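Model the full structure from these sequences, guided by the hints.
Chains as they are written, first to last, in the working numbering: chain W, 1 to 79; chain B, 1 to 346.
Please note that the accuracy of each hint is not assured.
[Unchecked claim] Listed below are the simulated DSS-like cross-link pairs for lysine-lysine, each with C-alpha atoms no more than 25 Å apart in a straight line: (1) B/K87 with B/K195; (2) B/K195 with B/K64; (3) W/K2 with W/K65; (4) W/K65 with B/K316; (5) B/K289 with B/K64; (6) B/K87 with W/K65.
[As the list claims (entries may be wrong)] Far from chain B, some chain W residues (derived; all Cβ distances over 10 Å): (7) M1; (8) K2; (9) V3; (10) A26; (11) I30; (12) E31; (13) E33; (14) I34; (15) T51; (16) G64; (17) K65.
[To be verified] Derived DEER-like restraints, expressed as beta-carbon distance ranges: (18) W/E31 with B/L34: 48 to 58 Å; (19) B/A22 with W/E23: 26 to 36 Å; (20) W/E23 with B/V17: 43 to 53 Å; (21) W/R22 with B/T247: 52 to 62 Å.
Source of the hints: derived by calculation from the structure; they are not laboratory data.
Nothing here was measured: the structure is a model prediction, and the numbers come from that model.
Don't be surprised by glycine CBs; every beta carbon is placed ideally from N, CA and C.
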Amino acid sequence: MKVIEVLGPGCNNCQRLEANAREAVAQTGIEAEIRHVTDYAEIAQRGVMNTPGLVIDGRVVSTGKVVAPATIAVWLQEG
Amino acid sequence: MTTLAARRVQVPLWLTVVVGSALWLVAWFLALPLSTWVAFDVLGLDQASQLGHAVAFFLFDVPKVLLLLTGIVTLVSFLRSFVSPEKVRAALAGRNAVVGTAAAAGFGIVTPFCSCSAVPLFIGFLEAGVPLGVTFAFLVASPMVNEVAIVLLWGLVGPQLTIAYVVAGLVVAVFAGLLIGRLGLERYVEDYVWKIRAGSIDVDFRPTLADRTRDAWRSTLDIVGRVWPYVIAGIGLGAVIHGFVPTELVVQIGGRGNPLAVPALVALGVPLYSNAAGTIPIIEALLGKGLPVGSALAFMMAITALSLPEMVILRKVMKPRLLATFVGVVAAGIVAIGYLFNLLAG
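This is the structure in structure tokens:
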């Protein structure tokens, strides 16, 4: 079971990244839990300055970008 | 992974880029002849009439601005993929005030930053030892000197005012940064900010050139997709002003004779945030009707630099006094720029 976290205060791009992550999970069929972290202090603690950030299993894989579902799917399968 | 990749028809990326650029050029050179042809031959409007003038203006400016936006934003997004806030922060930490502030304002131009990133960025900079004033210089310059505003200014108003805008923006950012740094307002940053132990990250995913190009194109579609209705509405309204609003009216209300015009325009700019796309065409039309350059500059800077939603977000990390100082210093700087340019141009 993987844990995907979307870090962002809830702006438009964060919502879209979360939707893309859900799509990637559906595409790959990998079991994963998706969380949305909106707390600024926690976002900063993860070292993310440019939202939205994407975290898979505790590792920051991207910041400041709405990553496409296909790319997230690749990352999910790699790890 | 193979199944995902196989589903897409593989057109080489360079071919897409070459064909796309060629199409862009063709459209660019066809915009003027096509727009005059449609306005005066197809619609049969009189070249000397106000209506004909307004329609031709609209038909030419809309494709011109949308093409410029698409082209330049793609290029800027691509170049920007090489600069990250992490790199900027590393370059700024531990610099002395003057060098750091000037560098921060400069980095503000090239660093991607949306207003919802303002807080994590603010915390991340301070935690890494970037001084408060330097952080503010960045926060002021980054939204003000942005590619959408620059493209619209360049395309609609011309290079001179665009350069004036960029330079004035940097001056205000450096001035605000140095002043806030001097005032020693660190205690007005919300206390929890200093307690956070910000982590540092190491994203080991290295994008290829193809990745960067694709990302740039995606973010361009995103940006242009968001602003085009405002561009069209703004140019439409600008066309109406061009054709129908009497010059005397603009000069009387916004002209040099009215000393309150600059602060009033700055106040008006605050709620218009993120609508640089819609307001610059209107400003261009007003400039043609005799709005002084300084007033126009101040209005544009207020639109991009002072935003109500960003202030609400920044309140989470700044106590009211710091937030008020920040807004006051930036607003004062913009008003001063407005008066200065009105004086110089007059």
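Discussion item. Hint compliance check: list the failing hint numbers for this structure, sorted ascending.
Written reply: As far as the earlier hints go, 2, 15, 16, 17 and 20 are violated by this structure, in ascending order.
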